[in-house]
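With the hints as your guide, set chain B onto chain A.
Protein chains: 2
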Amino acid sequence: MAEIRQEFIEQAEKIGRSCEILPGGVMELAQKLQYSHDNHKPLRIKLGMDPTRPDLHLGHTVVMRKLREFQKLGHKIVLIVGGATAMVGDPSGKSETRPALTKEQVDANAATYFEQISKVIDVTDVEVTNNADWLHKLSFMDMLKLASNVTVAQMMTRDDFAKRYSEGKPIAIHEFFYPLMQAYDSYEIDADIEFGGTDQRFNTLLGRDIQTAYGRKYPQLVMLLPLLEGTDGVVKMSKSYPEHCISLTDSANDMFGKVMSIPDTLILKYYELLTDLENNEIKKVHDDLENNACNPRDLKLRLAHIITEEYHGKEGADKAQEAFINVVSNKGIPDDIPEYKLVESQNILDLLLELKFIQSKGEGKRLIQGGGVKFEGEKVAEPTFLVENEGILQAGKRKFAKVVR
Amino acid sequence: MAEIRQEFIEQAEKIGRSCEILPGGVMELAQKLQYSHDNHKPLRIKLGMDPTRPDLHLGHTVVMRKLREFQKLGHKIVLIVGGATAMVGDPSGKSETRPALTKEQVDANAATYFEQISKVIDVTDVEVTNNADWLHKLSFMDMLKLASNVTVAQMMTRDDFAKRYSEGKPIAIHEFFYPLMQAYDSYEIDADIEFGGTDQRFNTLLGRDIQTAYGRKYPQLVMLLPLLEGTDGVVKMSKSYPEHCISLTDSANDMFGKVMSIPDTLILKYYELLTDLENNEIKKVHDDLENNACNPRDLKLRLAHIITEEYHGKEGADKAQEAFINVVSNKGIPDDIPEYKLVESQNILDLLLELKFIQSKGEGKRLIQGGGVKFEGEKVAEPTFLVENEGILQAGKRKFAKVVR
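Here the protein sequences come in this chain order: A and B. First residue of the first sequence? That's 1 in this note's numbering, and the numbers climb one at a time after it. First residue of the second sequence? That's 1 in this note's numbering, and the numbers climb one at a time after it.
Just chain A, with the same shape it has in the complex:
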């Protein structure tokens, strides 16, 4: 193998930032990049899409931004729509969390997903595949051959299986096939690199093993990225916690405000995972935080602007920043808030619902219990509260309305 040139070491260090690269570390990535360059063979980067959950948030973009970096270097993103997996669902019919989808549902979800990822990567240059095309063709013998490559003990090292097994929760045998199918995909699309969250360590490394078992000489490299916490800084960003989740479809003001709400401990990680800054700039953010060399609020303002600009353009980000600063200087109340004309006294929950500040009365009750609803600056204590006069209504941190008669 030729000596690895500095150019590719630097490429690998930039693109591999924050990644755990398995099994060989950053030098193996540099080697792949150089080999690809010297032989005019773009690397094939695998991106698996789960078509049962098409809604994307910033957590999903962590991997997609890496793909974009590869794309900019001339490599090829191979998107796998998990049609086979989705159409299987839970074949026992017991699980509600894994409903079987029809081909039409898969296609519709894939279209939504495609539109959303287009906000990050150049979808005109993506190779789109569907694993139903090869998995549904596997015969009885093919399936057994695939399964013969992994032992039960190996499978049980997977975190979720180990946990469920030790807790006495059932694991149906067919579930072993989900990681096997994902791994087999790597063989079918001839992947050179597979990204995943750290919770995908088992599945992505299994892809390597299956490629090797099926005769591939240089199996895929695995690049694991840390999971991104939501704006509370504690739990992994997820649609299950909408108040801490920054969705790609959030308005500019919401996006900006949510980024501003992250704890200082997350600033560096968000810079690392959600911006394209060069490594030396990232290091400066790190050092500034370390040495208290600047106000964390300023670092967050810059971060919020970078992120918001990406999805709403410079103008959108500028306006969102202006609105945010107004809210703060204006005792927390934005300049431009909707008015609500009160015809007669109204229950607070009904009012919040009508303003679409909440999705359900249950959500409203929880918000009130948590002290998250204010009228004229006073916390609303009971869900039976009646709004009878004019005043400013606030729900959560960023939703306001002016009640008028």
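It is possible that part of the hints are untrue.
[As the list claims (entries may be wrong)] No farther apart than 27 Å at their CA atoms in a straight line, the calculated lysine-lysine pairs in the DSS-like style are these:
hint: 1; chain 1: A; residue 1: Lys397; chain 2: A; residue 2: Lys361
hint: 2; chain 1: A; residue 1: Lys137; chain 2: B; residue 2: Lys145
hint: 3; chain 1: B; residue 1: Lys163; chain 2: A; residue 2: Lys163
[As the list claims (entries may be wrong)] The calculated label-pair distances, taken between Cβ atoms and stated as ranges, are:
hint: 4; chain 1: B; residue 1: Ala153; chain 2: A; residue 2: Pro296; range: 45 to 51 Å
hint: 5; chain 1: B; residue 1: Gly25; chain 2: A; residue 2: Tyr178; range: 55 to 61 Å
hint: 6; chain 1: B; residue 1: Lys14; chain 2: A; residue 2: Lys169; range: 41 to 47 Å
hint: 7; chain 1: B; residue 1: Gly25; chain 2: A; residue 2: Tyr241; range: 50 to 56 Å
hint: 8; chain 1: A; residue 1: Lys163; chain 2: B; residue 2: Glu7; range: 51 to 57 Å
hint: 9; chain 1: B; residue 1: Lys269; chain 2: A; residue 2: Ser166; range: 38 to 44 Å
hint: 10; chain 1: B; residue 1: Lys284; chain 2: A; residue 2: Lys169; range: 52 to 58 Å
hint: 11; chain 1: A; residue 1: Asp298; chain 2: B; residue 2: Ala153; range: 50 to 56 Å
If you are wondering where the hints come from, they were derived from the structure by calculation, not from laboratory data. Bear in mind the structure is a predicted one, so any value in this text is a computation, not a measurement. Just so you know, even glycine gets a beta-carbon here, dropped at the ideal spot from N, CA and C.
Chain B in isolation, oriented as in the chain A frame:
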């Protein structure tokens, strides 16, 4: 459900002798027998054949004798040649104990097997099927659906899996499919009853579960038979221990002599599992042994005659009994033994090989080390021993030759 009539209770008690009947016990068998009779629907009795090991011994006949009893009552034996399973072998190619067979090998072994079982059951009235006909047609989705019916924890209750897992020995995922395939066979052939050794408890009960999961209202009954020990009374009868294994192709003299060599503790079990005696006669054997009411040797002579007669006819059994008694009265040397003409001094191992008393020199050495070779009544101490004079050569208990010049 109609009241069960005495006639069918008696049938069930005879045919269910020595069996563990799951899940309902002997009354459930009686119920099935009565329902079948009243509705003129013969019961379908499953018999699975492993085409990788076509050689049969008395251990295999324990189940086959039961099948014959069902056959005599007008029920239907459905033989499943495990073509799918055999052609899979070990798909990883790592196991030498499970070689993949070609279709031709499967067919040839099935023919041998068929000829051997014809010694016990009426093969002209057997429905012959091959599970390759349905298993090879299972699609990707079918396989996952099948696998979804069992959990890992259930699978790990299977004795051999539990043992290997706890010992850290690998279990490949595809191995989970062997019991699943066997169980699925029960659904495909619509089995009413499946027999098995006690080591088949998991697999046979899984057949019930799979039938139920696939919509069968009255799933199969499971009848478990104890494993038959070889003539040493310790280890399960198996070709791996040829000296304790009574093969269906053994000569009448060998068969008779081997039965006579069983320990007294096995007499009752052999009567129960290897003869058609009525339950009251079996009880008499039990009582005679219990009360020392007769010489165990006489019980064994009767047993050896019954068993030998089954495979070699009455005349064959009579002659074998006569020969056995001659050996005993003649200080252990039979009347009619082959002569070997000694031309020059000969090494004992070469001589044993030429007489076909042993298959290899290794076997000869072990026999000599165990004191199993005698010349003129004296144990041969060394494999280098030279036979130089006339005399009686004995190898093991029943092989003799007269060395002459």
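Requested in this report: Would you list, in rising numerical order, the hints stated earlier that this structure does not obey?
Outcome: 5
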